[in-house]
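Asker: The primary structure of each chain is shown beneath.
2 protein chains.
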Amino acid sequence: MPNERERRQKRSRLPSRREAAEKIKAPIPDAQVSGDENSAACAAADLVVLTIPFEGHAALLKQIKPVIRPDAIVVDATVPLAASVGGRATRTLGIWQGSAAQETAEILPKVAVVAAFQNIAADLLNGDGPVECDVIVCSDDANAAQSVRMLAARIPGVRAIDGGKLENARILEQITALLIGLNIRHKGHSGIRITGLPDQAYNS
Amino acid sequence: MPNERERRQKRSRLPSRREAAEKIKAPIPDAQVSGDENSAACAAADLVVLTIPFEGHAALLKQIKPVIRPDAIVVDATVPLAASVGGRATRTLGIWQGSAAQETAEILPKVAVVAAFQNIAADLLNGDGPVECDVIVCSDDANAAQSVRMLAARIPGVRAIDGGKLENARILEQITALLIGLNIRHKGHSGIRITGLPDQAYNS
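Sequence lines, in order, name chains V and S.
Under this note's numbering, the first sequence has 159 at position 159, and the numbering climbs by one with no breaks.
Under this note's numbering, the second sequence has 92 at position 92, and the numbering climbs by one with no breaks.
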């Protein structure tokens with residue numbers, strides 16, 4: 001049961017979420033966008049994308065667990081940066097399950113968890129520049145992974161690649177820390193491209 | 001002191017190393033290539049590149065430690081694949097020091113250790129196809145790192161990038177396991193390109 005402080009926080013966040021939705025809709029009037037409180041949003045969604053700081057990861061999952069639909073796909077883009085506990089954004093924490101995405105699969109054992117989108121700079125996804133980044137998609141659920149690859153491939157500049165089992169998410173999460181280090185050192189918005197695979201490995 | 005079995009092994013390996021050197025020289029007659037036993041080769045070298053399976057990593061370092069020149073640069077391309085201990089080549093071992101390259105720095109505290117070249121497929125470096133791979137170079141010795149970046153940038157198709165401190169080698173080593181998984185799944189010779197950095201971040 002949420003206590004009074006949590007209820008107050010939820011009420012105060014709701015208008016800003018609705019404002020954020022309006023901001024997204026402004027340049028794309030046809031877009032279906034709405035802002036809502038996490039539990040309500042998850043209860044209504046068949047695809048949930050987690051793009052949260054790692055310090056809120058486990059708590060959020062426990063919050064949405066009772067309401068998330070059993071046939072939902074949960075896409076986890078969370079990276080356990082050491083910055084979550086006062087360390088550096090160029091380093092990661094060791095996660096007992098192997099990765100943040102595998103922690104998600106442990107907390108939500110009934111849903112299909114897909115790891116993806118860790119390596120795209122949020123600034124670029126928000127339209128600040130061209131996206132030049134492959135999205136490697138890892139999951140133990142082949143159908144869910146394919147749905148997410150199809151979704152990712154619709155982002156201009158993105159190629160989606162099957163990265164195998166969810167356990168490989170640990171490497172995708174590490175790569176983000178490397179890219180953050182490159183961004184700091186070289187002042188850029190770095191991403192990765194995978195070279196040397198046959199054409200059918202991309203966007204299929 | 002090497003025992004009789006080790007002495008026999010050394011003698012038996014030496015001709016094949018000299019044959020390998022001749023094989024490399026065949027298409028590039030001007031190349032200076034020679035094959036030699038590890039300790040002798042290291043004693044004569046100002047730059048040593050380790051491209052060995054991880055199971056032989058610590059033992060080799062201890063073997064060459066007494067003879068390696070204190071002003072030498074040691075470039076470590078070793079990846080601690082779980083295959084080294086009977087596991088999968090798509091998984092890595094946890095290394096106490098953080099990475100194979102950091103283990104090298106611990107065993108050889110007096111030399112400059114540089115982590116690089118983990119992510120280029122050996123087949124491509126051997127001339128089996130075009131190299132399309134950025135080489136991220138990590139070291140705590142800025143001068144040694146720059147020398148290795150200059151060397152890497154001379155390989156056609158390679159762009160060398162400063163990846164910061166040696167501790168980041170752990171991420172480069174993980175990436176190799178991911179690429180091996182992609183090669184198995186998609187039948188390719190995968191590599192990585194880093195996008196989104198300013199021009200001066202490459203080959204400088």
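In case anyone wonders, no lab produced these hints; they're calculated from the structure.
Everything numeric in this text was worked out from a predicted model, so none of it was measured.
Do not rely on the hints blindly, as some may be mistaken.
The list treats identical chains as one, so a pair stands whether inside a single copy or across any two.
Stated by the list, open to error - Derived pair list, reagent style SDA-like, types lysine to any residue, alpha-carbon separation capped at 20 Å:
#: 1; residue 1: K62; residue 2: L108
#: 2; residue 1: K110; residue 2: I180
#: 3; residue 1: K187; residue 2: L125
#: 4; residue 1: K62; residue 2: I95
#: 5; residue 1: K65; residue 2: E55
#: 6; residue 1: K62; residue 2: E19
#: 7; residue 1: K62; residue 2: I107
#: 8; residue 1: K110; residue 2: R17
#: 9; residue 1: K25; residue 2: A41
#: 10; residue 1: K187; residue 2: P198
#: 11; residue 1: K165; residue 2: R88
#: 12; residue 1: K62; residue 2: G98
#: 13; residue 1: K62; residue 2: P109
#: 14; residue 1: K187; residue 2: L124
Asker: State for each hint whether it applies.
Answerer: Going through the hints against the structure:
Proximity of K62 to L108 under the C-alpha cut-off of 20 Å is restricted to the intra-copy arrangement: shortest distance 8 Å within a copy versus 47 Å between copies. In this assembly of identical chains, the alpha carbons of K110 and I180 never lie at most 20 Å apart, being 33 Å within a copy and 30 Å across copies at closest. Within a single copy, K187 and L125 get their C-alpha atoms as close as 18 Å, which meets the 20 Å cut-off; across copies the closest is 30 Å, which misses it. When the C-alpha separation of K62 and I95 is checked against a cutoff of 20 Å, the pair qualifies only within one copy, where the shortest distance is 17 Å, while the shortest distance between copies is 32 Å.
Taking the shortest alpha-carbon separations for K65 and E55, only the intra-copy value of 17 Å comes in at or below 20 Å, while the best inter-copy value is 43 Å. In the homo-oligomer, the alpha carbons of K62 and E19 never lie at most 20 Å apart, since the shortest distance is 26 Å inside one protomer and 62 Å across protomers. Taking identical chains as interchangeable, the C-alpha atoms of K62 and I107 lie at most 20 Å apart only when both belong to the same chain, with a minimum of 7 Å there against 45 Å between chains. Taking CA atoms no more than 20 Å apart as the test, K110 paired with R17 passes in neither setting, with 28 Å inside one copy and 55 Å between copies.
For the identical chains of this complex, K25 and A41 are intra-copy neighbours only, at 17 Å inside a copy versus 65 Å across copies, given an alpha-carbon limit of 20 Å. In this homomeric assembly, K187 and P198 come within 20 Å of each other (Cα to Cα) only across copies, at 7 Å, whereas the closest approach inside a single copy is 32 Å. Taking the shortest alpha-carbon separations for K165 and R88, only the inter-copy value of 13 Å comes in at or below 20 Å, while the best intra-copy value is 28 Å. Proximity of K62 to G98 under the C-alpha cut-off of 20 Å is restricted to the intra-copy arrangement: shortest distance 19 Å within a copy versus 31 Å between copies.
For the homomeric pair K62 and P109, the shortest alpha-carbon distance inside one copy (12 Å) is at most 20 Å, but the shortest distance between copies (46 Å) is not. Taking the closest pair of Cα atoms, K187 and L124 come within 20 Å of each other only inside a single copy of the chain (14 Å); across copies the shortest separation is 31 Å, beyond that limit.
Going down the numbered hints, you'll see the structure goes against 2, 6, 8, while the others check out.
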